[in-house]
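Taken in order, these protein sequences are the chains called A and B. Per the numbering used here, numbering through the first sequence is continuous, rising by one, with the last residue being 199. Per the numbering used here, numbering through the second sequence is continuous, rising by one, with the last residue being 199.
Do not take every clue at face value.
Any copy, or any two copies together, can satisfy a pair, since identical chains are not distinguished.
Computed list of lysine-lysine pairs in DSS-like fashion (alpha-carbon distance at most 25 Å, straight line) [unchecked claim]:
{"id": "1", "residue 1": "K68", "residue 2": "K184"}
{"id": "2", "residue 1": "K184", "residue 2": "K16"}
{"id": "3", "residue 1": "K102", "residue 2": "K137"}
{"id": "4", "residue 1": "K102", "residue 2": "K184"}
{"id": "5", "residue 1": "K15", "residue 2": "K137"}
{"id": "6", "residue 1": "K137", "residue 2": "K68"}
These are computed hints drawn from the structure, not numbers from a lab. Computed from a predicted model, the values in this text were never measured in an experiment.
Protein chains: 2
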Amino acid sequence: MSQPDTRHQTRMQRKKAVVAEKISAAQIQRGVFLLHTGIGKGKSSAAFGVLARALGHGLRAVVIQFVKSRSDTGEEAFFRRQPGVQWQVMGEGFTWETQDAKRDAAAARAAWETAQQALTDPAVNLLILDEFTYVFKYRWLELEPVLAAICARPPMQHLIVTGRAAPPELITIADTVTEMNLVKHAFQAGVQAMPGIEF
Amino acid sequence: MSQPDTRHQTRMQRKKAVVAEKISAAQIQRGVFLLHTGIGKGKSSAAFGVLARALGHGLRAVVIQFVKSRSDTGEEAFFRRQPGVQWQVMGEGFTWETQDAKRDAAAARAAWETAQQALTDPAVNLLILDEFTYVFKYRWLELEPVLAAICARPPMQHLIVTGRAAPPELITIADTVTEMNLVKHAFQAGVQAMPGIEF
Numbered sequence: 001m002s003q004p005d006t007r008h009q010t011r012m013q014r015k016k017a018v019v020a021e022k023i024s025a026a027q028i029q030r031g032v033f034l035l036h037t038g039i040g041k042g043k044s045s046a047a048f049g050v051l052a053r054a055l056g057h058g059l060r061a062v063v064i065q066f067v068k069s070r071s072d073t074g075e076e077a078f079f080r081r082q083p084g085v086q087w088q089v090m091g092e093g094f095t096w097e098t099q100d101a102k103r104d105a106a107a108a109r110a111a112w113e114t115a116q117q118a119l120t121d122p123a124v125n126l127l128i129l130d131e132f133t134y135v136f137k138y139r140w141l142e143l144e145p146v147l148a149a150i151c152a153r154p155p156m157q158h159l160i161v162t163g164r165a166a167p168p169e170l171i172t173i174a175d176t177v178t179e180m181n182l183v184k185h186a187f188q189a190g191v192q193a194m195p196g197i198e199f
Numbered sequence: 001m002s003q004p005d006t007r008h009q010t011r012m013q014r015k016k017a018v019v020a021e022k023i024s025a026a027q028i029q030r031g032v033f034l035l036h037t038g039i040g041k042g043k044s045s046a047a048f049g050v051l052a053r054a055l056g057h058g059l060r061a062v063v064i065q066f067v068k069s070r071s072d073t074g075e076e077a078f079f080r081r082q083p084g085v086q087w088q089v090m091g092e093g094f095t096w097e098t099q100d101a102k103r104d105a106a107a108a109r110a111a112w113e114t115a116q117q118a119l120t121d122p123a124v125n126l127l128i129l130d131e132f133t134y135v136f137k138y139r140w141l142e143l144e145p146v147l148a149a150i151c152a153r154p155p156m157q158h159l160i161v162t163g164r165a166a167p168p169e170l171i172t173i174a175d176t177v178t179e180m181n182l183v184k185h186a187f188q189a190g191v192q193a194m195p196g197i198e199f
């Protein structure tokens, strides 16, 4: 074998040892709380991608959409026909569509009732609370009881919360937090929301 | 109706008008190129979430994984049983696993051959090149012919590329770019890669 290949091999052997050490340091097995925030595209899509992954491992999942009211999305059409997932659209639409703060708040509280059921059910392996952060932005729900319910959920239950501007307390109790930053968006260049991509 | 409700309604009516104007300004319909980069979790998951969404609209998709070699992932198990998607694991594994730069480069070139077929096929509505940015980091492929092939793809074909450290030229030609920033990861706190969440 030529010299450069040997150098590469040695470097990769060292790297492998470092990676192996890190992996062996991570021994805890438990449900994780993923939080997808930021203003870029991908917060809900990443949750639905993990949902597909979880269903592939035979996990059972519940999805609750807190703001969305439309039921013509590709993700709903797709996941409604999959076994193992319960899909609930419980929002009333964007605040500028309803133009009714009381109705919005009542819808959020009803959705949270459903979420609380799931958060106490060990048969739910993965719970997705989509666009959930807005319940705090609009003050539809108090933060404290929500934090308590999340922390008291079954130990092996995974949770994903999506939405912009997550409160710092939510970031604190989450295990994995990704901030989806907007670098650019096709919409800014005049491209319509394309079916299959945006909804 | 009480005064606060009227104020809310007026504010939301104004907001709705602003949103409506932005939406009507976006009239172009075409395939979009989404790029998910950054070091946070969610790049591939967001691609798979969009895949679910696209399948829900009846689109046909091809997925090519450029680095991954394992075939025991939840996403693969899940999507392989869905109609409308062709799933190809064409990587050889992480560079520190193969420890063989020539083999890695040959695998990347073979995967790119397959990608090129898809990039010229108008029957492919969505193409996902997962962990594709690494082909440039490791210099397995030249950037210029890749950019040309992406720009020359069928006009209605959507493309998603994932991977850390996307080259600036790729960001330039992409329509929607999200940088997934790592705020924190469960792994850092000693939690194992959990099935259904990490793979």
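Of all the hints given earlier, name the ones this structure violates by number, lowest first. Of the numbered hints given earlier, the structure breaks just one, which is hint 4.
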